[in-house]
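Novice: These are the residues of each chain, in order.
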Amino acid sequence: MTTALLSIGVRAMTASYASLQTTSHNIANAGVEGYSRQETLLATSKGLFTGAGFFGRGVDVVEVKRAQDSFLTREAASAKALSAMDQARAGYLVQMQSVFRTGEQGLGHAISQFFAAMSDLASRPADTASRQVVLARAQDLVTRFREGGTQLARLQTAVTEEVSASVQTINGLAASIAKINKDIVAASAFGQEPNDLLDERDRLISRLSEHVQVSTIPAGDGTVNVFIGGGQRLVLGANAEQLKRVPDMFDASRSAVAVSEGASLRQLDAGALGGGRLAGLMQFQSEDIVAAQVMLGQLARALTDTVNAQQTLGLNLQPPAGTVASRPLFGLEHGASGSIHAAGTNQSASSEYRLEMRVVDASQLRATEYELRSDPAAPGSWQLLRVPADGSPAVPIVPGVTLGIDGLEIDFDDATTGVPIPATDRFLLAPVTRAAIGLQRLLSDPLDLAAASPFVASAPAANTGSVSVDSLSMVLPPADPAANVVISFTGPDPGDPSRMLYSWTRGAASGSGTWTPGKPIPAPPDPDINGFSLMLSGVPVAGDTVEVMPTAFPEFNNGNALALNALGGRNLVGLQELAGGGVAGGATFNDAFVAALVDIGVRTQGAEAAAAISGARAAQAEQARADKAGVNLDEEAARLIQFQQSYQAAAKVLQIAQSVFADLLKISGS
Amino acid sequence: MRVTTYSAHQSAIFNLQQRQQGLQKTQEQLTSGKRVAKPSDDPVAAARAERALAAMTRADAHQRALEAARTVTQFAETALGDAGELIQQARETVLAAGNPSYGEGERRALVLTLKGVREQLLGVANRSDGAGNYLFGGQGTERPPFVDDASGRVVYQGTPGDTHVASDEALSISLDGQRTWLEAPSGKAPPAPASLSIFDVLDTAIARLSVSGASDADVALAVKEGVGDLDAYHAHLLAARASTGEALNRMDQAELRIADGKLAAQTERSGAEDLDLVQAISDFQNRQTGYDAALRAYSMVQRLSLFNYISG
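Which chain is which? The protein sequence lines are A and B, in order.
Residue 248 in the numbering used here sits at position 235 of the first sequence; the count goes up by one each step and never skips.
Residue 821 in the numbering used here sits at position 267 of the second sequence; the count goes up by one each step and never skips.
Honestly, the hints are just simulated from the structure, not real lab data.
Hints are not guaranteed to be accurate.
[Claimed, not checked] Think about it this way: if two alpha-carbon atoms lie no more than 20 Å apart in a straight line, the pair counts; the simulated SDA-like pairs of lysine to any residue are:
no., chain 1, residue 1, chain 2, residue 2
1, B, K592, A, G619
2, B, K588, A, S111
3, B, K592, A, A625
4, B, K592, A, A304
5, B, K592, A, A622
6, A, K641, B, H563
Every value quoted in this text rests on a predicted model; they were computed, and no experiment measured them.
Generate coordinates for the entire structure from the input sequences, incorporating the hints supplied.
Specialist: Following this line, the structure appears as structure tokens:
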């Protein structure tokens, strides 16, 4: 009899002690992230049958169970992945914004100042000081562009370094998960769940999610298989794959991620990574840095090319003044004037094809890169795609025929050896990507600035009408730099009396055209006269003339400085060619900078908002997980008291059993 | 719902940090006075501010161009005024030469005066703005623009026309010397020349009054024609002076417009990126109170624990 009582007491004490132990374990781990609260499950022992019925035999310790919800755990990990992705991109975008700084320290102000210096030069063309100021402002401008380009390159380096670090961390975590899978299989052999190992694995998966979005599939043996990037296996049972940072297919300064499959490397599609810091880094690299680079490059190229074109049309003061050809003000370092990258996976050698690209009109350049590839629908016929994709259709390119697109001329021949290159080969054309970082000022002598126009125009006093010269600026190299041109008004246009017909002579050459008030002479479609564009005001009458003669005194002439200054107010960035000839749209240099600044500002704002939202969601998901699985110290305190009391009660049972036994001994001993 | 101790602390810390960040952001805005410090703070406002800054820079450049034009025009106006006085003096001298009681000796003295006037006028026509630019340099000139040629005649060795500054309005930094000094309409019918040079007028008068043994009738005719030409030129000079005066007026107007434009741009920039102080201070106080309350609540709640009540 008493043995039953003793046994019940001992079992109750063991059960209470086990519960106390679990509770203490909970208290001890209350501050450990990812720890799941454990609970000792007790069960009533089966009763002992006697004639009088079943007698209870006390309590059994069944198992130690962890409070955990695998759905909430997965949710928390996946929310964490999205949050980490958004945070990584937003963090880098905030840094990138400083390239597009506003206000007096910004590139936009440097552009304004450069053209303001041209206005000052026009006011004092002979003054060396105003020429020095133009050179200094040009240097400022170049410095700002280069700083911007350098900063973007530095961000690219930082991204590359972080991708490497992230890949290493992922490899480490994957190896740990594989190992712990093995340990769990071993530990589960005894039929009980190794709670602390399971917690550790959840924790590792959660940390892995910070770097890359994962999906987990439990296998029957207690292991968990981990997949990334839409189905690529990372951990399978006790085996882990290795990720590797590799150079981008086209551009070695950019990064890509590949997975080793045996001896070969398979590049992962960055877009399929889904989440995690790695996905954020890849998105920043392929969308944001490139966008900033091409916008900055487009502006740099349009500005410097148009200024150079105008500068070289003018006369400088290098002695003898007006006779030395004017040199461009800005230049591009080697490689900055557009580059062509063949994909690393191409099978053709550079001798088997010919691919060339030239900028013909910098004002029409677009902020984009181009991918040349074989048409997937018709392999062997080639097409050009803008990247990052802007929704515009692919443009077919016929080998051997020069393609004119966005201010570029592209020559492509896919079979210089007579055999076409494989249709799987791809090329990346980057006309403006490195323009900002490679910009330089070429002139340093103030006399080299071509402030003077090669021609001056005047209306002789003998005219009877009120026509006078507003401005004359050069738009083309003159056909005859030494010629005197006389433009004679011959009478109103019979078709439209508000317009005047004129004829002109340039030495032996002559021609005619129609003048519309407010429009230049010559206006398209009238042919060029001598490279100039002449604006008149007042009303000419038939017989009036305007003479255009070579500039006799270049040091006093400011015609080209005025034309250079006027460039600042014209739409010369991103012009679009119209189907019927002519161009439309575009923006001024200042407005193009503002547009770029807004683009980056909106990206950053959006990314910050996304980071805030996904951050809050991740915190919520983690809270939900922790609320289910975490430790509440007050609860544990209450349980301590509860189990302490049951332990004391069980001890009392033992004491009573002992005294019952002693009583029995007493009786039998007497 | 269960609240777990670890996540309660974590979320309390997270919220405290959020509040602290908000407080710091408002503090930054208050100390810098700017609501928009980077494009992402408000891309549209940043764009407005940037455009306004470009407009301000342009207005400054226009203002400097206008100052350059005004300096030259003011000098030219003074020069034309001086020329007017000299021509009056020449007119009086020529008139005096017509005095029938004067003999050749007196006329010789007057001719000397006229020669002096001519030299002074040449000086006026060749004046510069003090920075090396000739006021009447036209579209570029040899220096100085007016010289006596081999025959002793004053010629203009520049390009006719005037030079403009960079501006939306036609503002000149040099005047057409040819037209001002050498091409006054004569008002005479052909075959007399249609235009007059002031120097030719003076040279003719000097030559005709210097003829020794000239008859009274010759002298009277020379005086009459000389005074007539001087008057015709003077009228042209007055018109030229009036037009410089009018140009100065236009510049004043243009200056007002530039100043208005700049002020509007400044207001636009300030409106786009500057901080509304009242709003910001109120925000700051709000956040401060919130942060304070959060700290208090946290310190009170974290003291509560069942362990405090279990003793012995």
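Novice: Each of the hints needs a verdict: does it hold here or not?
Specialist: Evaluation of the provided hints:
{"no.": "1", "hint": "B:K592 to A:G619", "result": "holds (14 Å)"}
{"no.": "2", "hint": "B:K588 to A:S111", "result": "holds (16 Å)"}
{"no.": "3", "hint": "B:K592 to A:A625", "result": "holds (18 Å)"}
{"no.": "4", "hint": "B:K592 to A:A304", "result": "holds (18 Å)"}
{"no.": "5", "hint": "B:K592 to A:A622", "result": "holds (15 Å)"}
{"no.": "6", "hint": "A:K641 to B:H563", "result": "holds (16 Å)"}
When the structure is compared with the earlier hints, no violation turns up for any of them.
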